[in-house]
Amino acid sequence: MEQLTRRQALATAGAAVLGGTLGSIRPARAATEITAVEWGGDVVNAMKQIEAKQDKVKVNWVLHQGGSGAILPKIKASWPRADYDYVAGWEGSFNGMVKEDWLVPVTVETVPNLADIPQKIIVKNAKGEWVAIPRAVGGIYVAYRKDICPVEVKSLDDLFDPRLKGKICWPGPTQAMMLPLVALSLHAGGNEHNMDPGFALMKKLAQSGNIGRVGVTDTDFSTSLTSGETAAGFYSEPQLTMVAKSFPVARLTKQAGVPTFLYQSGFAVFKNRPNLQATLEFANFCISPEMSTLYGEVAGEAPLNVKAKTPDSLKHLAFTPEEMDKYVYVPDFKEVLAQQDAWSKRWENEIAPLL
Amino acid sequence: MKADGSFPLLLPAIAIYLGLFFLPLSWLLLESFRLYTPGGIGAAAGAPLTLANYAELLTPAFARFFLETMQISLLASLTGVLLAFPLAYWITRKLSARWRAIAVGFFVTLMFLSVLVRTYALELTFGAAGPLRPFLLALGISPNSRDYIAILVGAGLLHYIVPMATLTLLGTIQNVDPRLVDAAEALGAPAWKAHLTITLPLSMRGVLAAFLFAFTFSISAFIIPMILGKGRVLFISNLIYNRFSEIADYPSGAAISIVLFAVALAIVYAMSRFVAKQWTP
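If you're matching them up, the sequences are chains H and C in order.
Going by our numbering, the first residue of the first sequence is number 1, and it counts up by one from there.
Going by our numbering, the first residue of the second sequence is number 1, and it counts up by one from there.
Hints were generated in silico from the structure; no laboratory data involved.
Being a predicted model, the structure only gives us computed values, none of them experimental.
With a straight-line cut-off of 25 Å between C-alpha atoms, the simulated SDA-like cross-links for lysine to any residue are:
#	chain 1	residue 1	chain 2	residue 2
1	H	Lys204	H	Gly190
2	H	Lys76	C	Leu20
3	H	Lys334	C	Thr37
4	H	Lys165	C	Pro131
5	H	Lys76	C	Gly19
6	H	Lys315	H	Ala256
7	H	Lys165	C	Ile151
8	H	Lys124	C	Ala44
9	C	Lys193	C	Phe274
10	H	Lys334	C	Leu35
11	H	Lys99	C	Ala52
12	H	Lys315	H	Ser155
13	H	Lys76	C	Ser26
14	H	Lys74	C	Ser245
15	H	Lys127	C	Thr37
16	H	Lys99	C	Ala47
17	H	Lys76	H	Thr35
18	H	Lys74	C	Pro24
19	H	Lys99	C	Ile240
20	H	Lys204	C	Thr59
21	H	Lys48	H	Glu33
22	H	Lys99	H	Trp39
23	H	Lys146	C	Ser142
24	H	Lys76	C	Phe21
25	H	Lys48	H	Lys271
26	H	Lys74	C	Leu260
27	H	Lys76	C	Ile240
28	H	Lys146	C	Leu124
Kindly generate the complete structure, drawing on both the sequences and the hints.
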């Protein structure tokens, strides 16, 4: 074997150091720092991967604690000084922000990739201006772990099966905008404007003893199902996707008689921030076809950009117009939002004592 | 009060107390009388004053939340102090100085261990998916039953109460002259009677302090019932959090907070008066 002399070793080491140093020298750039609030888990992982694909913006990530509405009081407390450049949210939190007039209106001129987003879904203010940038769509629907659920759930009536005792994780009154309760109401002949049938059915479900856990945070559901504490539930997409990564999950998005709700997730960009332009450019980059595809693959929400590719794992969220009419229920979100306080108190009065 | 020139030294503390305690509390009180419009974030500026936020608390359901919080807190506090008293006595009277230092260090360390860590440890071990599940089921105990969940919440509170009460009682027991018990025993009193009639009454103020620390900690506990309560056993603090942080109904959250504050003050006052009346030397 050829011996390496000290001179050769030094020369090699010197070349390596020089090469490494020169290799690390890049043209100077000053990334603009922005502060963004995102959901944890796969969502923020997806956003970090997207951030790494560009160098104009460096993001200081802050995570939602609890539901996306939990951030609103903190923003209000410091307003008109905004601490965040954008906050990830959905219809529920967007509408709260719109009411407070915190958001910057957006257009195709300021966020060009909005041209590839279905305009119908974009949240508007009272003047009809677009005030949020949608990036993906997720679902809220019934699902169960096929490997441990003792019942093959085919309808909402199956949730009352005695074999499911303690095996259901149901969202609490501050989760998923109480849409699962709206689903019960629809099942019993009511709707979001007439929730009495829904509450009556919810009482029966609570009395059945089948609810083992009431999810009060996003992660309650995924933790409960992955640990095997519960086996079925009515929850939202990222949590269901998280469970589905490790276990076989039946997702009833196209089951007659079991309503599915769709929600958008996206960016709410705030007024009164110094880096508004950089934030809009970053949001625009995030909803580009390539980044939307990446987001869908990692975060588990179907991209809204019509040029993006929906991953196979999210085909359950792809609906034909006929399927949309048949399985997806689009509630009157204004009514749903206006009733959150009343429904939540009604839950405390009528449902919580039975759990 | 004698004017000895020390008052100015108190001014920074008074200013901080006024700024960080009375001012926010006054705001909370005012907010509790504001009318809330659904969908808003807190009361709107200039919202009219109303008693509606208090009136809506006059329901059996709210009374049940309140009683459950009080019941679990009371039982956990009493159990905690009962467990802590012999521990504190043993550490004070029976251990050498070296072992006493080790024991105190152990309890101080327990206090520093995150409440979140302890709570999840309990959840993982005794929860519905924990390793003890088959054992519990064999005993006929369902880990998903409401009573079991309530007991688990109480156990979570005990994790914090026992070290806190033990440390509080160390000084109290240390201050009881052991020669009094020795004298009683020398005069023929059995040990248990000497302790019940001498050690316990002389420690009562410390016991009360330990109980009140434990009780105020318990009724305001948030993380423990949130995690171990599975959304089914809820404390008042969880309701307050929901009102403030999730549905942004500040006036309602403020009203519940004020009621909880008033009840806690009344209990502390009543307990202090009772102990002072019964055990004043």
